[in-house]
Amino acid sequence: MERKQAVKCSLLLLLALVLIMISISSVSAAAVPVEKPIKFYVQGKEMKPVNAPIIRGGRVYVEFRSAVKALGFTFNYDKSKKIITARSEDAFFKIDLNSGTTYVNGRMFRYDWATPAIIESGANTLVLGHLFHATDYLYADYYPDKNIAEVYESAWGKPKKADLRMIRSILETHYYTVSEAAELRSFELKSWGSFVTIHVDAFIPKSGEELLDRMLHADIEMKRVDDKGWAIHKIMPNIEFLDYESLPEREVEVPSADKTEIYALVEAYIKALNDKDAAALIALLPPDYWLEKKSPSKEQLEQYYSHDLFSYNFEYKLNQAAIVSYEANKAKVYIFSTMIDKDNPLEEYPSNYLQDVVQASDGKWYMNFHKFVLLNSEIWE
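With mature numbering (1 follows the signal peptide of the UniProt record, and there is no 0) applied, the sequence shown corresponds to residues -29 to -1, 1 to 352, in that order.
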């Protein structure tokens, strides 16, 4: 009887112990939070991958297929060979599931010897986020505070071909506003990021009254607009007039009286500069010059000549003049002159330019300083 009682007590104690252990286990299980799956974004858009991102060895792994398809790649999985490929015009991936090797643009990718590039298998395999970095424009990051993994195109990475096409198209449109016959002959990327710098050479053929073709050289800054396009921010131009040195050979026929007066006008202009004679320079302007809205007053011109232009101690030498265009009441004169620094006579600055002249109602010829084209000058070099 006593033995039965002892066995009964032992069983009751064992049962109580089991119940206590179950209770403790239940409480412990309830105290451990359920780990939430990592959210996955590509270019700011949330994905619904078959396999959620995971962290292994402190590094993030994401589903390759959903990432590259969202980025516009063509994706292919050869089930028989267990090979995944993904291609765009900017990058090419190859993943060999048999060997675990990965290739980016034909080069084998390895983060380090201890870190696998892929885990899982099949079409929905997970890849190491750093695999995207090998493209030089795609990146992958994990944000533990938000429990988010993201694959994205970096503004500071290698430029995509689509970006370069868009930028070139914008610049071509810009130069078409200069001339419908404009031709972009050089397009060179100098810097890349949120702002980019492009060097361009645009050929502009002569038109209308123009006598010379020209090349517009420019460094152009462009900025991203809402991550969807580009806009011109700043243009730093330099104009090259082509074959300007041949202009004297194109001297046109001009009636003797007009020819004599036009050349005398050019000589009077050079003399007034050497004499530092503001009144003489102003006298070379046509009578209706002051009626134009953009023209300064006589007082403003006198102040400019006296305090600005004549403040330099230069001598002006006329090397050559040729009338290269002539029609009723107007002409263009090619002028080749040299500025000599009187304080340092060895310093000479040759200049080539086109100067328009007009014949007023009084029959005299005058300078039209509103139409002046500097063809070349060592002053600005």
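Simulated from the structure, these hints should not be mistaken for laboratory data. Please read all numbers here as calculations on a predicted model, not as lab measurements. It is possible that part of the hints are untrue.
Under the rule of at most 27 Å between Cα atoms (straight-line distance), these lysine-lysine pairs were calculated in the BS3-like manner [said to hold, decoys possible]:
1) LYS194 / LYS129
2) LYS53 / LYS132
3) LYS194 / LYS177
4) LYS177 / LYS265
5) LYS265 / LYS301
6) LYS19 / LYS7
7) LYS40 / LYS50
8) LYS242 / LYS342
9) LYS131 / LYS205
10) LYS247 / LYS335
11) LYS342 / LYS265
12) LYS16 / LYS194
13) LYS40 / LYS129
14) LYS177 / LYS230
15) LYS342 / LYS205
16) LYS242 / LYS269
17) LYS117 / LYS132
18) LYS194 / LYS205
19) LYS264 / LYS288
20) LYS129 / LYS177
21) LYS65 / LYS161
22) LYS129 / LYS16
23) LYS177 / LYS242
24) LYS117 / LYS16
25) LYS230 / LYS247
26) LYS50 / LYS7
For a C-alpha distance cap of 27 Å, please report whether LYS19 and LYS7 respect it. holds, 14 Å
Holds or violated: LYS117 with LYS132, Cα cutoff 27 Å? Given pair LYS117, LYS132 is violated - Cα atoms ~33 Å apart, limit 27 Å.
Taking 27 Å as the top limit, are the C-alpha atoms of LYS177 and LYS230 close enough? holds, 25 Å
Is it true that the CA of LYS230 sits at most 27 Å from the CA of LYS247? holds, 26 Å
Given the hinted pair LYS247 and LYS335, is their Cα-Cα distance within 27 Å? OK: LYS247 and LYS335 at ~23 Å, within 27 Å.
Restraint status (C-alpha distance of LYS242 to LYS269 at most 27 Å): holds, 20 Å
Has the given pair, LYS342 with LYS205, been kept, meaning a C-alpha gap of at most 27 Å? It holds: about 26 Å lies between the C-alpha atoms, which stays within 27 Å.
Straight-line alpha-carbon gap LYS131 to LYS205, limit 27 Å: holds, 22 Å
Holds or violated: are the alpha carbons of LYS242 and LYS342 at most 27 Å from each other? holds, 20 Å
Are the Cα positions of LYS129 and LYS16 separated by 27 Å at most? Holds, at roughly 22 Å.
If you draw a straight line from the CA of LYS16 to the CA of LYS194, is it 27 Å or shorter? Given pair LYS16, LYS194 holds - Cα atoms ~23 Å apart, limit 27 Å.
Decide if the proposed pair is consistent with the structure: LYS50 and LYS7, CA atoms, cutoff 27 Å inclusive. It is violated: about 31 Å lies between the C-alpha atoms, which goes past 27 Å.
The structure does not agree with the numbered hints 2, 3, 17, 19, 20, 21, 23, 26 stated previously, though it agrees with the rest.
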